[in-house]
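As they're listed, the protein sequences go chains V and L. According to our numbering, the stretch in the first sequence is residues 1 to 402, in order. According to our numbering, the stretch in the second sequence is residues 1 to 404, in order.
Hints should not be assumed to be uniformly reliable.
Listed next, the in silico EDC-like pairs over lysine to aspartate or glutamate satisfying Cα-Cα at most 16 Å (straight line) [as the list claims (entries may be wrong)]:
id : chain 1 : residue 1 : chain 2 : residue 2
1  : L       : LYS232    : L       : GLU382
2  : L       : LYS250    : L       : ASP291
3  : V       : LYS336    : L       : ASP217
4  : V       : LYS385    : V       : ASP305
5  : V       : LYS385    : V       : ASP312
6  : L       : LYS299    : V       : GLU184
Quick look at which bits of chain V chain L covers, simulated, 3 or more residues with Cβ under 8 Å [as the list claims (entries may be wrong)]:
id : region
7  : 180-190
8  : 380-394
These are calculated hints, taken from the structure and not from any lab test. It should be emphasised that the depicted structure is a prediction, and the values quoted were computed from it without experimental measurement. Just so you know, even glycine gets a beta-carbon here, dropped at the ideal spot from N, CA and C.
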Amino acid sequence: MCFSVEHQFGLHRLGRFSLRGRSMDTPGCLCYTRGGVAPHLTPDNLSTINNLPQVAHIPLPNVFKAAESIELLHDSGDTSMDLSSFTSSDFSSFISCQDLGNPAPSGFNLSHSVAIWPSCGKQLIDPGWYMSTLGRLRPAGFDSLSDGGTRESDKRKRAGKSVARTLSFLDACLSIKSHNADLENSVIFGVIEGGFYLEERKTSAEETAERPVDGFTIDALGYNYSDTTTCNDDSNAVTPTFRLELLEAVTERLPTHKPRLIYGFGRPDNVIDCFLTGVDLFDSSYPYIITSQARALVFSNTEIDSSAPEIDLSDPQYAQDFTPLLPNCRCLCCYKHVTKAYLHHLVTSKELLASVYLFAHNLQHYFEFFSRLRIAALNPESLNKMKSCISQQYLLYLSETK
Amino acid sequence: MMALEEKLSVLRCQLIAQCPTSKARVLKVTLPHYAVDTPQFMPVGTQGAMKGVAPAQLETIGCQIILANTYHLGNRPGVGVLRAAGGLHRFMGWSRGLLTDSGGFQMVSLLKLSEVSEAGVEFEDPHCPGSRSLLSPERSMDIQSAIGADVIMQLDDVVHTSVTGPRVAEAMRRSVRWLDRCVASYSADRQALFPIIQGGLDEELRAECAREMVARDAVGYAIGGLSGGEEKQLFWRVVKQCADLLPPGKPRYLMGVGYPVDLVVCAALGCDMFDCVYPTRSGRIGTALVDSGTLDLYKETYALDTNPIDRDCPCTTCRTYSRSFIRSILSETLSCHLVTIHNLTYQVRLMQRLRSSILEGRFPSFVRTFMNSNFPNNSYPEWVVDALSSVNITLEQRAELFQL
């Protein structure tokens with residue numbers, strides 16, 4: 001079993017997730033990767049990050065070239081090569097179909113195949129192709145193939161299709177897996193779809209829970225940073241509250257002893273909300289996306305002060321600000337006294353080093369947040385305090401930036 | 001003219017070893033921020049950053065001194081921010097040696113509307129169309145003072161090596177006059193000012209320039225106006241001539257050089273300091289440096305190659321990743337950092353190996369071995385053979401071994 005519950009408090013819980021000898025405490029996030037390794041950070045820089053999760057999140061679209069090379073190596077006789085050995089990775093790997101760091105356009109999935117977007121251009125993949133590729137990569141865990149192409153404004157019919165197709169893909173993947181020796185000790189997660197419709201989400205959760213899966217991925221419900229509110233077909237405004245209602249309807253239909261992973265809820269206030277609704281694992285594309293926008297995470301886990309939880313280093317106000325991003329941060333950027341002024345210079349000069357420094361800081365701060373959350377979650381009072389602290393900072397920030 | 005003691009506090013040069021065969025030598029050049037071993041390669045951190053590589057990583061690689069560009073830094077972040085930061089060392093977090101160029105060359109080569117007059121380089125600021133600004137020797141000294149590098153370059157009047165006629169002599173003589181203006185206005189107690197020998201490819205003009213500039217008794221000299229694509233047979237002759245005319249007890253900086261082969265040859269000719277964007281620029285396009293030349297990692301053949309770039313290289317890239325893996329992530333910016341770190345390590349180690357060979361009295365043999373790896377089957381370029389033989393290093397002609 002890849003997951004054990006350590007403490008269950010109502011809906012939320014503390015747990016431990018293990019894959020092929022690598023473990024992490026939950027609530028926790030998988031380590032977002034590109035090409036099989038953390039983006040921006042060379043091995044020496046990556047080793048400076050504390051609390052680095054031991055399970056890598058591998059989006060299939062960005063390991064396409066790696067998969068091609070591994071296939072060539074297998075054809076030339078080197079069948080021992082798999083994704084971990086190819087990328088010289090110490091982590092165990094969990095593969096998903098879509099890349100949250102490079103959100104894909106929707107509307108291209110078909111009834112028997114799913115569109116993914118590697119750098120070489122759109123590919124339509126079906127369970128057969130997906131599973132045989134996974135057989136070569138031999139990840140420690142993976143999502144079943146799923147149709148997550150549902151947008152807020154899509155009609156109910158589309159949401160229904162996403163559920164039906166995904167269940168059909170799941171059954172196909174399970175069947176192929178049982179006959180593929182290369183995937184014998186990989187875990188498979190069933191993916192919960194259903195767009196923004198309550199009944200569809202319930203159906204997806206109940207049906208998926210009946211299959212012999214090792215965990216659940218809740219897909220296509222989240223967003224990483226936009227708070228725009230649109231309406232679904234039933235004229236329900238897809239507000240943050242509504243999303244959480246849909247999430248709760250899902251988690252209360254899933255068995256407690258299996259882990260729940262969610263995609264697209266990376267902003268810290270959203271993380272806490274999802275955690276309280278019974279989610280154990282998160283993706284960590286959020287710090288990657290923030291970095292690509294030249295922003296730094298500077299929220300406090302404990303104090304509410306007037307400063308923003310995230311800052312934009314391209315803002316000219318930082319041109320002569322010779323203070324670090326955060327005073328007590330031990331990331332390779334702050335610890336070496338890299339100042340906001342210098343980061344501003346790097347950002348405006350379009351220097352690659354800007355992303356190296358910002359990402360190292362954002363990752364460190366993000367993983368630290370999860371570590372604090374796990375500690376705060378040990379009792380309701382500290383958890384409430386942390387939730388209130390973080391959500392207030394973001395509430396203020398979002399109302400100001402509108 | 002400042003007192004000798006003052007100048008020595010800014011740059012002290014010790015001869016550590018001299019190759020008895022060629023003109024190569026090992027110096028220890030002590031600067032305010034760091035003691036630099038030469039021959040030494042200076043990577044280029046144009047905008048006050050090495051592209052994608054942090055100062056701590058440069059230290060691990062063994063970089064002792066890097067170059068930054070006055071033109072770019074003068075524009076952004078500008079003199080105000082640099083002064084408020086306390087200089088570029090503090091601004092970027094680099095504690096070792098720093099050298100800045102004068103800004104003149106960049107201006108002339110990058111700006112469409114620049115004109116050289118006796119006053120300086122007149123240009124139109126690209127951010128303020130219609131304006132006219134002047135980069136004078138005094139202004140260049142002022143910007144370089146705000147940057148605060150250990151070694152600064154005079155503003156010179158550079159002409160491309162393809163230019164002929166009276167312009168070449170005019171530029172050289174103006175450079176001498178501008179040198180005097182730089183000397184009169186730089187921070188002599190904090191920075192070492194290098195004159196730049198000009199004169200195009202003309203032997204007499206070069207000799208005149210060297211004579212004039214050596215008479216100014218600087219703490220080090222640069223050889224400029226080369227590495228612009230001129231014919232290599234002309235290039236090395238000018239380098240050798242200038243190196244021979246410069247005082248032996250002072251460092252000689254050959255600007256804009258270069259490729260590994262050029263570094264080895266010019267070290268043999270007596271040059272001590274070098275700079276080039278080559279290892280960093282090629283690192284960003286997936287071209288890796290090795291003793292036998294370069295590897296273009298985009299090539300299909302590397303898809304199956306599970307070796308590191310270089311088995312003998314101690315850099316983090318070579319200790320962790322294979323050629324095949326790096327090839328698979330060439331679309332990611334991480335690949336730029338990985339190959340750049342390797343290439344910088346390669347160049348720095350090449351210089352270390354070269355210095356060791358001089359210290360151990362086997363420099364000619366080092367050169368022969370290096371040239372063999374780079375040019376298999378005697379395919380040495382003629383200019384390399386001629387340049388090395390001018391300093392008594394003969395390359396192996398393998399065919400001779402088979403003559404009966």
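Hint by hint, work out which the structure violates, then give me just those numbers in ascending order. Of the numbered hints, 2, 3, 5, 6, 7, 8 do not hold.
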